[in-house]
Amino acid sequence: MKHARVLVNGQAADATINTENQVVLTDGTLLSEGEFSWLPPCDGKIFVLAINYADHAAELSFKAPDEPLVFLKNRNSLIGHQQNTYRPDNVDYMHYECELVVVIGKEAKNVSEAEAMDYVGYYTVGNDYAIRDYLENYYRPNLRVKSRDTCTPIGPYMVDAADVADPHNLVLRTYINGELKQEGNTKDLVFNIPQLIAYLSDIMTLSPGDMIFTGTPEGLADVKPGDVITTEVEGVGVLTNTIISESEYLAELPQ
Amino acid sequence: MYTYRLEESGQAVSKASNASFEVELAQPLLPPTTGSVLGVALNDKTLVASLADAFNDKPYVAPPKTPVLHIKTDNTHIGHGQTIKIPADRGTVYAGPALGIVIGKQACRVSEAQALDYVQGYTVVNEVSLAEVSFYRPAVKAKCRDTFCPMGPWVADKSLISNPNDLTIKTYINDELVHETGTDQLVHSVEKVISYISSFMTLSEGDVIIAGTPLRTDALAIKDGDIVMVEISNVGRLANPVETE
Numbered sequence: 001m002k003h004a005r006v007l008v009n010g011q012a013a014d015a016t017i018n019t020e021n022q023v024v025l026t027d028g029t030l031l032s033e034g035e036f037s038w039l040p041p042c043d044g045k046i047f048v049l050a051i052n053y054a055d056h057a058a059e060l061s062f063k064a065p066d067e068p069l070v071f072l073k074n075r076n077s078l079i080g081h082q083q084n085t086y087r088p089d090n091v092d093y094m095h096y097e098c099e100l101v102v103v104i105g106k107e108a109k110n111v112s113e114a115e116a117m118d119y120v121g122y123y124t125v126g127n128d129y130a131i132r133d134y135l136e137n138y139y140r141p142n143l144r145v146k147s148r149d150t151c152t153p154i155g156p157y158m159v160d161a162a163d164v165a166d167p168h169n170l171v172l173r174t175y176i177n178g179e180l181k182q183e184g185n186t187k188d189l190v191f192n193i194p195q196l197i198a199y200l201s202d203i204m205t206l207s208p209g210d211m212i213f214t215g216t217p218e219g220l221a222d223v224k225p226g227d228v229i230t231t232e233v234e235g236v237g238v239l240t241n242t243i244i245s246e247s248e249y250l251a252e253l254p255q
Numbered sequence: 001m002y003t004y005r006l007e008e009s010g011q012a013v014s015k016a017s018n019a020s021f022e023v024e025l026a027q028p029l030l031p032p033t034t035g036s037v038l039g040v041a042l043n044d045k046t047l048v049a050s051l052a053d054a055f056n057d058k059p060y061v062a063p064p065k066t067p068v069l070h071i072k073t074d075n076t077h078i079g080h081g082q083t084i085k086i087p088a089d090r091g092t093v094y095a096g097p098a099l100g101i102v103i104g105k106q107a108c109r110v111s112e113a114q115a116l117d118y119v120q121g122y123t124v125v126n127e128v129s130l131a132e133v134s135f136y137r138p139a140v141k142a143k144c145r146d147t148f149c150p151m152g153p154w155v156a157d158k159s160l161i162s163n164p165n166d167l168t169i170k171t172y173i174n175d176e177l178v179h180e181t182g183t184d185q186l187v188h189s190v191e192k193v194i195s196y197i198s199s200f201m202t203l204s205e206g207d208v209i210i211a212g213t214p215l216r217t218d219a220l221a222i223k224d225g226d227i228v229m230v231e232i233s234n235v236g237r238l239a240n241p242v243e244t245e
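Heads up: the sequence lines are chains A and B, in that order.
The first sequence begins at 1 in UniProt numbering and counts up by one.
The second sequence begins at 1 in UniProt numbering and counts up by one.
Just so you know, these hints were derived from the structure itself, not from any lab.
There may be inaccurate statements among the hints.
Below are the PhoX-like pairs computed for lysine-lysine, each with C-alpha atoms no more than 25 Å apart in a straight line [said to hold, decoys possible]:
| id | chain 1 | residue 1 | chain 2 | residue 2 |
| --- | --- | --- | --- | --- |
| 1 | B | Lys-105 | B | Lys-15 |
| 2 | A | Lys-63 | B | Lys-141 |
| 3 | B | Lys-141 | A | Lys-109 |
| 4 | A | Lys-109 | B | Lys-105 |
| 5 | A | Lys-63 | B | Lys-58 |
| 6 | B | Lys-170 | B | Lys-158 |
| 7 | A | Lys-63 | A | Lys-181 |
| 8 | B | Lys-85 | A | Lys-106 |
| 9 | B | Lys-223 | B | Lys-85 |
Stretches of chain B that chain A covers, calculated by requiring three or more beta carbons in the stretch to come under 8 Å of a beta carbon on chain A [to be verified]:
| id | segment |
| --- | --- |
| 10 | 33-44 |
| 11 | 51-64 |
| 12 | 160-174 |
Glycine residues also receive a C-beta, built at the ideal position from the N, C-alpha and C atoms.
Next comes chain A alone, as it looks inside the complex (with noise of 0.2 Å):
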């Protein structure tokens, strides 16, 4: 089963995925393009993996980690699918990152690895825009690069982690206006799922809803508006997103 939030009538509502694709609302009213806006699909703390994926430790010239290197993000950076996200004026690299989000299912704290894929709800699809000009070395990454509004697309839709046979081999593709630009798999994380949740819940309680963006493999490239950036987690979703500039961005923004 897949899961979405979308925005009709400017009300949000709960909604599921239909085997022809279609969104259905929990009433059985089938939604046609154009009548509504994807939302985040999930509401909860944001925790997001940095280096997590060997090639890309190499590319960023660093070593992987010995423990996971957990950030976080704020709710105000997420955004649903085919919602844009702008770049601020005057910087030089900005960039996207496809990742595969665990999405936690039921209250986890003190869980074992053998016992942590229990406590996985849902997978989804998040794209971890980071602004590269603006890292300091505090609390790198720091929240100017990665918590900003509108830069953590998520979604479309949560799949059920039961019809995710294994979340340890699911190629992640991202693509700059349909051209492949990163290509990776689940299977090359530093640290899994089961080695996430047991190490975020030996130091707090999980709730549902929670999400753990899970890492990003190498093959980065800079963004610029007007550019439609697809990020996809095999068998779990495609998301687009597409990138605006700052003042078109303040242009939209309610006065």
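Fit chain B to the supplied structure of chain A, relying on the hints for placement.
For chain B alone, kept in the frame of chain A given last:
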């Protein structure tokens, strides 16, 4: 006006009172808001002065150019009277006395001059933390343990506070005054941190910004059996018992 939240018959209920003495504090309260809680680290003059040399060394290389932010996740939030649970085996745990700025309406790209228009009021925050050996990587392990962010007892309306940048903050452990600081010690003012954060993160009604915590010293260490109290002039006094997890 003082607004606060408590649990009644299993439901979270919001209440308001015109006088702080009318608020019944015999039972624990819930955190006074339910929004995101963002902290400004390295925002205390004495703390920053103590690190001035280190900031030019590896791994930092240069002093911070912008306010340093962190997130206190929802599992950390507790209210007045609720228990701070400390781990037995992760080293010393410190109280982090701080002013909480409570956002009153959506704030996106607001100027310093307008910043206080977006504030509902202020609360007392105890930004509990393990020791931090480095500020290079995000402090999830040190700062995001369950119960590590007591807030309350209430939100004191901003009309009660003439200058948020000149408030005395006193910390008591077991009724003994152990630490005194104030918001005059902030490197970046209340208006500045609101304006800076809102320049790239839209703040929502009910979000809290922890303005800054002081240098952690032995005086702020808390242990099993303590009652820790943080008092901010004209805002309120937040008390929490401490127990080993």
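Evaluation of the provided hints:
no.: 1; hint: B:Lys-105 / B:Lys-15; in the structure: holds, 19 Å
no.: 2; hint: A:Lys-63 / B:Lys-141; in the structure: holds, 21 Å
no.: 3; hint: B:Lys-141 / A:Lys-109; in the structure: holds, 14 Å
no.: 4; hint: A:Lys-109 / B:Lys-105; in the structure: violated, 34 Å
no.: 5; hint: A:Lys-63 / B:Lys-58; in the structure: holds, 17 Å
no.: 6; hint: B:Lys-170 / B:Lys-158; in the structure: holds, 20 Å
no.: 7; hint: A:Lys-63 / A:Lys-181; in the structure: holds, 23 Å
no.: 8; hint: B:Lys-85 / A:Lys-106; in the structure: holds, 22 Å
no.: 9; hint: B:Lys-223 / B:Lys-85; in the structure: holds, 9 Å
no.: 10; hint: 33-44; in the structure: holds (count 4)
no.: 11; hint: 51-64; in the structure: holds (count 5)
no.: 12; hint: 160-174; in the structure: violated (count 0)
Violated hints, listed in ascending order, are 4 and 12; each of the other numbered hints is respected by the structure.
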